[in-house]
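Enquirer: So the chains spell out like this:
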Amino acid sequence: MIYFTKILKKEFLIYSRKSSSFISPVVFFLISISLYPIGISNDPDILKNLAPGLIWITVLLSTLISFQNIFSEDYEDGSIELLLASGQNLSLIVLIKIFVNWFFSCLPIIILSVFSVFLLYLPQEGLTPLIISLLIGTPTICLFGALAGALSLGKNSITGPALMLPLSLPVLILGTQAINYSLNDISFSSNILLLTAIFVFLLPIILFASVGALKLHFN
Amino acid sequence: MFQILKNFYHKLGSYPWFYKISGKVIPFVAVLSISLIVISSIWGLFFSPTDAVQGDVYRIIYFHVPAVSVSQVIYYSMSVAAAVFLIWRMKMAGVYIKSLAPIGAAFTFIGLLSGAIWGQPTWGTWWVWDARLTSTLVLFLFYLAIIGMQSTFASRKSADTAVSIITLVGVVNLPIVKKSVDWWNTLHQPASISISGESSISSEMLIPLLLSILGVYLFVFFTGLLFMRAEISTREQNKEWFKKLLSNN
Chain A
97 MIYFTKILKK
107 EFLIYSRKSS
117 SFISPVVFFL
127 ISISLYPIGI
137 SNDPDILKNL
147 APGLIWITVL
157 LSTLISFQNI
167 FSEDYEDGSI
177 ELLLASGQNL
187 SLIVLIKIFV
197 NWFFSCLPII
207 ILSVFSVFLL
217 YLPQEGLTPL
227 IISLLIGTPT
237 ICLFGALAGA
247 LSLGKNSITG
257 PALMLPLSLP
267 VLILGTQAIN
277 YSLNDISFSS
287 NILLLTAIFV
297 FLLPIILFAS
307 VGALKLHFN
Chain B
110 MFQILKNFYH
120 KLGSYPWFYK
130 ISGKVIPFVA
140 VLSISLIVIS
150 SIWGLFFSPT
160 DAVQGDVYRI
170 IYFHVPAVSV
180 SQVIYYSMSV
190 AAAVFLIWRM
200 KMAGVYIKSL
210 APIGAAFTFI
220 GLLSGAIWGQ
230 PTWGTWWVWD
240 ARLTSTLVLF
250 LFYLAIIGMQ
260 STFASRKSAD
270 TAVSIITLVG
280 VVNLPIVKKS
290 VDWWNTLHQP
300 ASISISGESS
310 ISSEMLIPLL
320 LSILGVYLFV
330 FFTGLLFMRA
340 EISTREQNKE
350 WFKKLLSNN
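Top to bottom, those sequences are chains A and B.
All residue numbers for the first sequence refer to my numbering, where the first residue is 97 and numbers rise by one.
All residue numbers for the second sequence refer to my numbering, where the first residue is 110 and numbers rise by one.
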């Protein structure tokens, strides 16, 4: 247990020392959010309808910037190899890495998405489902990101995103639907429950698959 | 019976045995599949009755339905092969996935394209963001990811394992995608043929349709064997048995 706490601390330290890991998704998010009104329309009525989808898509795309961070540096400096050789429970280590990555790349965006109330004219009653659905949906996306990152380690190819985005489709649909439901006074709890179910269902599968994918690079 | 199956399964893992057997099977499958496709196309295009509502446009069904149905079946068969590869390390399963992925992608594309051509006169639009179309598009993307993954690993075994992992994760996720887009939007007509229960299509149209489905499945079997033989010959080109085979012919 102490071992895993140490890894958790180490990961936190690495991410907090390297500011680009959490600043670049945030900057990307803010830039895109401010581009939508300019590119589409500044009419509040149009933006209000588009806001749930736009926010979710932007969050999804900004995770594309950060998912390579989960394993790539550890791969380059060789520490993944040591972790693999350590004989410890790899799934747990991967889980810690995913959690820290989520904490630094997704959580700031989720907090910032509050600004979308002003910038994209999202009605206030849409704010709660937005935050809840993002809090529950983004960990699933980070799971897919970890798998894509583990598979495309050391290669700068399109395969990572090409794998990750179609997998994230259900999360995107359920997430935006939750917000739209609440804007139309329909209960959105079923969507949140489904998002949670998807996360719980996929967590062991993806962890297992990511560990398998990591091992492939060291034959 | 079980013993025979087990023997067959074990033999299937051997490249030379598969190469020999598939060479014998291919001509029959080729003739059968192509003649079935030709017969069902002529029957469907010229002799089956005109649809009361859609007119002659509906005849594209003889290409659309077989392509879409085979594209899903190929994916599910690939995921079985992926499980076989990950559990028993059967190298033939890797060959199977690699060879069938382009065929599956091609048929998914044919399905999407013929659907668009069918949709234009009947729905008045080439594309709608409907549940079935979207999940077929996602299937197509999965195929592309699998094909793209093949080239990212230097060693053949790692590539096969990576592709198997993706295929399995994809097959777990496909039902979720399907269900979630179902809630999202549906315009597509429900399936006309069902194995159990009454089909909602007249038998004069049904028989050529079933023939064309059978023909396309056999065609996939035929091209699959061809692709697998090609893949085996690239993997084994320096092996003794393959050189012997070449020098004998």
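Don't read these hints as lab results, they were simulated from the structure.
A couple of the hints might just be wrong.
Unchecked claim - Just so you have them, the derived chain A footprint on chain B, three or more residues with Cβ under 8 Å:
#, region
1, 246 to 257
2, 269 to 281
3, 341 to 348
Said to hold, decoys possible - With a straight-line Cα cutoff of 30 Å, these simulated BS3-like cross-link-like pairs (lysine-lysine) come out:
#, chain 1, residue 1, chain 2, residue 2
4, B, Lys-133, B, Lys-120
5, A, Lys-311, B, Lys-352
6, A, Lys-144, B, Lys-129
7, B, Lys-352, A, Lys-251
8, B, Lys-115, A, Lys-251
9, B, Lys-348, A, Lys-311
10, B, Lys-133, B, Lys-287
11, B, Lys-200, B, Lys-120
12, B, Lys-348, B, Lys-115
13, A, Lys-251, A, Lys-144
14, B, Lys-353, B, Lys-115
15, B, Lys-288, B, Lys-129
16, B, Lys-287, A, Lys-144
17, B, Lys-266, B, Lys-115
18, A, Lys-106, A, Lys-144
19, B, Lys-288, B, Lys-348
20, B, Lys-353, B, Lys-133
21, B, Lys-266, B, Lys-288
22, B, Lys-120, B, Lys-352
23, A, Lys-311, B, Lys-266
24, A, Lys-114, A, Lys-311
Claimed, not checked - With the C-beta cut set under 7 Å, the calculated list includes, among others, these residues of chain A facing chain B:
#, residue
25, Gly-250
26, Lys-251
27, Ala-258
28, Leu-265
29, Leu-299
30, Ile-301
31, Leu-303
32, Val-307
33, Ala-309
We put the beta carbon where it would ideally sit given N, CA and C, even for glycine.
Enquirer: Hint by hint, work out which the structure violates, then give me just those numbers in ascending order.
Expert: 3, 5, 6, 7, 8, 10, 13, 15, 18, 19, 21, 25, 29, 31, 32
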